[in-house]
Amino acid sequence: MQPTDISNPQYFHKVVDCQWGCPAHTDVPGYIRLIAQGRYTDAYMLNRQANVFPGILGRVCDRPCEPVCRRARVEKEPVAICRLKRVASDLREDVAALLPKAPRRKNGKRVALIGAGPASLTVANDLLPMGYEVVIYEALAVPGGLMRSNIPSFRLPAEVLDEEIGMIVGMGADLRLGTPVKSMKALLAEGYDAVFVGSGAPKGKNLKLPGRDEAAANIHIGIAWLESVAFGHVERIGERVLIIGVGNTAMDCCRTSLRLGAKNVKVMARKPREFFKASAWELQDAEEETVEIVVNHSPKSFVMEKGRLTGMIFEKMEYEIDARGRITAEKIAGEEFFPCDDVVLAIGQENAFPWVERDLGIEFDKWDVPVVDQVTYQGTRPGVFFGGDSAFGPKNIIWAVEHGHQAAISIHKYCHGEDIARRMPYGMNLATSKMGMHEWSYSNAYDPVERRVMPHVSLKERFKKLNLEVELGFTAEQFTREVERCLNCDIQTVFTAKLCIECDACVDICPTRCLTITTNGPEDELRQRLSAPANNLSQDLYVSTGLPQTGRVMVKDEDLCVHCSLCAERCPTGAWDMQKFTLKVPYAADEAAESVPQTRTGT
Amino acid sequence: MSFIAKPKVSHPGLPRNALGLTLRDYEGGMSTLCAGCGHDSITAALVQAAFELSIPPHRMAKLSGIGCSSKTPAYFASASHGFNSVHGRMASVATGANAANGQLHYIGVSGDGDTLSIGLGQFCHAVRRNLNMLYVLENNGVYGLTKGQFSASADVGSKAKKGEVNQQPPIDPCQLALSIGCTFVARSFSGDKDQLVPLLKAGLSHRGFAMVDVISPCVTFNDHEGSTKSYDFTRKHFHAAIYADYVPPATEIRSRQAAGSVREVTMHDGSRLLLHKVGADYDPSDRVAAFEYLSRRQSEGQVVTGLLFIDEGKPDMHEVQNLATEPLNTMGYANLNPGQKALDAIQARFR
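Same order as they appear, the protein sequences are chains A and B. First residue of the first sequence: 1, per the numbering used here; consecutive thereafter. First residue of the second sequence: 1, per the numbering used here; consecutive thereafter.
To be clear, the hints were calculated from the coordinates, so they are not data collected in a lab. Built from N, CA and C at the ideal position, the CB exists for glycine as well. Among the clues, some could well be false.
Unchecked claim - Here are the in silico distance ranges between beta carbons for each label pair: (1) Thr518(A) x Arg16(B): 17 to 27 Å; (2) Gly29(B) x Asp94(A): 45 to 55 Å; (3) Leu468(A) x Gly29(B): 31 to 41 Å; (4) Ile180(B) x Gly574(A): 38 to 48 Å; (5) His438(A) x Ile180(B): 19 to 29 Å; (6) Thr432(A) x Arg16(B): 47 to 57 Å; (7) His58(B) x Gly574(A): 38 to 48 Å; (8) Asn17(B) x Pro339(A): 52 to 62 Å.
As the list claims (entries may be wrong) - Here are a few chain A residues that face chain B, going by a calculated C-beta distance under 8 Å: (9) Tyr442; (10) Asn444; (11) Ala445; (12) Ala497; (13) Leu499; (14) Glu502; (15) Cys503; (16) Thr512; (17) Arg513; (18) Leu530; (19) Asn535; (20) Gln539; (21) Val562; (22) Pro572.
Unchecked claim - The list that follows gives simulated cross-link-like pairs (lysine-lysine, BS3-like), each with its CA atoms no further than 30 Å apart: (23) Lys434(A) x Lys8(B); (24) Lys580(A) x Lys6(B); (25) Lys498(A) x Lys236(B); (26) Lys109(A) x Lys76(A).
Whenever a hint applies, use it, and build me the whole structure from the sequences.
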């Protein structure tokens, strides 16, 4: 193998699995360490750099960071990253003075943002401090988009939303509530320098089955129904409710039904449990609240009696699943009737662009989804950008935030006549974390404690009020233990081959057998020759240049390193060093700083 | 030396041996030796060897005297028996323990000071008795624990850390062992586990006294220019007389092709040691030739490594002395003390 190029920031970035897994590349170990040090406000601000909504996402993030957390490979459970994010938000002090400010003098550029959801708000967050005038058009009477209308308030209280949205809008955005954009043509005619579409995927999918139209009064489209509940238009539901679909929206629908008076709620899934789209923790919360999840039942028809919905017929499915967990065959093995009073359809959602005229140079593909560049987020008409669910279909909030950051860069470059495809590369900073003989600037002792369990409001209490927040947040005892579960994957093991005397001390002390000194070879073969076979192909091998005495190479399997620093402590020559890695993610403001011509100073 | 404990986490894909144990089940406490000490690498090799041989940890007995080397038994096989004795007296303690229970795997760990100075007589007599044990000599040519004086294995002309030149001729433990009838003589280097681990496995499987001299650089006092026991010097002057690979009987593979160049030695437990010759036509069963070869290479400044001599035919102490094969602690009081009548009968035979 070729020696690893550790000057490429993406190499070490990938070692920080949580940060790599987060679409917005939030510095997770960084803020967890700040929480451990009691610096909650700093933790919040570090978090906010990337993810803009730490309080909101500390409650409802889809957590792509947690399944990839290294701790889950060493034990079973990942670090409770999302909950720790909330800790920083709950315990922080007033951050008003630390927030970015919009300059009084504007830069003369006006940008229109359509929809006041997470994508648009992120664009506003990035552009306002740079002197842009930002106008946000929102159809509803309140900002927040799906965060407000689709996520039940028992999971995400309105105050949290108001506060974090306020931090952005408060910088001076022109927020026009109750102002839907009805014509893109008309908006473009207003002469904005750029337009960003962050209008989400607001259309719930329908299920055209026999009886659908006749029983319409008791069949609800999940996301529209949740919105109606959020704004008080719907206050009750029948006693027996069937939820069709098994994604996260379905989980919100079933739990909301219970709070509106349903007694018997069943979530109907077409496939076996391993194919569910809902996050494990959302399924768990729903089941804890007595929701029954019925697998292998495919909806067939709605059943009416005397003009009223009485139930649904489902086909019982049987699947053949191969060794790799894929369905290879399916068959119908009978039918079953489930009685119900109401049905909620939560089988997906779609973009809806009836307000975009098709003669503007904005192209749509065969699924009626706009054609958007995956890097610049620009549509086919220059100056019109897309982000969030409206760009590539439903994802999650943290993806919308990342889209917003990237679109803001494009908008800035576009407004200044620069090539939007030429973007700043990621940067990094590496600095030793060794402070003395055996002192490290981070807590490196492995704490074997298990993942802390988030306390919830009791089952008895939680159904009394629709908007009573179910999760109580970690107690001080809990989060002080939980932060110690973090393996500090951002403290990198950096190796200097020319200092190595090949004494094997690091190899011998490594608790997870990550290190090997051996002759070089092709990757496939080398992976099997290591101290422990490196079978996780998603994790890189770190290969050194030839060692001075024998020409062999030092190989580190990045898979299971717990960053305990024992290799560096044992190394008599300092060939191993634990170095704090800081990823420099370029934002719109960095691009702006880059484009300012250097002025000569001095004589 | 490290101050944080080695975490209990382990690689979920770690191989398991015939007993279902992983390498980590053969580990001991955290080492307090200097970072980079060759002794720690030897410890790791012992862990590896015992793991690969699937020796139940409670069937091992670790013995040592005094010195850096003699601390190392604390760092492997926590679940085994151990005795840290007096300076240079490990061999006697091992002899006593072995007489009382010949069914354990005895591993003595000693240093060049502990063996070649104060313990020289003890060492020689354990060799003479062909005591059934693995005797690992962690040889760094220096008294590390007392801050760096030359030891009895320091070469003439080698330099101490402060520049002082050694005038005294060294005792080569391999030549000494050969000359007094040792049945298994090997030398290796702590920085070459590919060679060391099979030698330790062979030594553990040898019925009789298996002496493995391991060059183990002292990073603090003897890993500098002018030292002949440093990592750099050893690697540069390293001469493998023989390539030894330990092959347990279950996985024995015979190579037709290599018939002329492979010598197979059947160990007493039935397992086999395959010896591959490299370079010179080295014969590890010829004591005189081995002695001559070692002396010649030594005069050329070379460190000869590998299995230097093996004799599987000589009886060990238990056989010579006709000692009980059953451990004394399992015999029961009636057998150990047959009573006055039995004593009277024995005495009567001599009247």
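How the hints compare with the structure:
1. Thr518(A) x Arg16(B): 17 to 27 Å: 22 Å, holds
2. Gly29(B) x Asp94(A): 45 to 55 Å: 50 Å, holds
3. Leu468(A) x Gly29(B): 31 to 41 Å: Because 53 Å falls outside the window, the suggested range is violated.
4. Ile180(B) x Gly574(A): 38 to 48 Å: The hint (38 to 48 Å, Cβ to Cβ) holds, given that Ile180(B) and Gly574(A) are roughly 44 Å apart.
5. His438(A) x Ile180(B): 19 to 29 Å: 45 Å, violated
6. Thr432(A) x Arg16(B): 47 to 57 Å: Hint violated: Cβ distance 38 Å, outside 47 to 57 Å.
7. His58(B) x Gly574(A): 38 to 48 Å: Cβ of His58(B) to Cβ of Gly574(A): about 39 Å, so the range 38 to 48 Å holds.
8. Asn17(B) x Pro339(A): 52 to 62 Å: 59 Å, holds
9. Tyr442: This interface hint is violated because 12 Å lies over the 8 Å limit.
10. Asn444: Since chain B brings a Cβ to about 6 Å from Asn444(A), closer than 8 Å, the hint holds.
11. Ala445: Nearest chain B Cβ about 5 Å off; hint holds.
12. Ala497: The hint is violated - Ala497(A) has no Cβ within 8 Å of chain B, the shortest such distance being about 15 Å.
13. Leu499: Violated. Min distance 11 Å.
14. Glu502: 6 Å, holds
15. Cys503: Holds, because the Cβ-Cβ distance from Cys503(A) to chain B comes to roughly 5 Å (cut-off 8 Å).
16. Thr512: 5 Å, holds
17. Arg513: Hint holds; Arg513(A) Cβ to chain B Cβ min 5 Å, cut 8 Å.
18. Leu530: Leu530(A) check fails; min Cβ-Cβ to chain B is 10 Å, beyond 8 Å.
19. Asn535: 6 Å, holds
20. Gln539: 12 Å, violated
21. Val562: 6 Å, holds
22. Pro572: 3 Å, holds
23. Lys434(A) x Lys8(B): Distance ~23 Å between Lys434(A) and Lys8(B) Cα, so the pair holds.
24. Lys580(A) x Lys6(B): Satisfied, since the Cα-Cα distance of roughly 21 Å is no more than 30 Å.
25. Lys498(A) x Lys236(B): Holds: Lys498(A) and Lys236(B) sit about 17 Å apart, inside 30 Å.
26. Lys109(A) x Lys76(A): With a Cα-Cα distance of about 51 Å, the restraint between Lys109(A) and Lys76(A) is violated, given a limit of 30 Å.
Of the numbered hints given earlier, the model fails hints 3, 5, 6, 9, 12, 13, 18, 20 and 26; all others are met.
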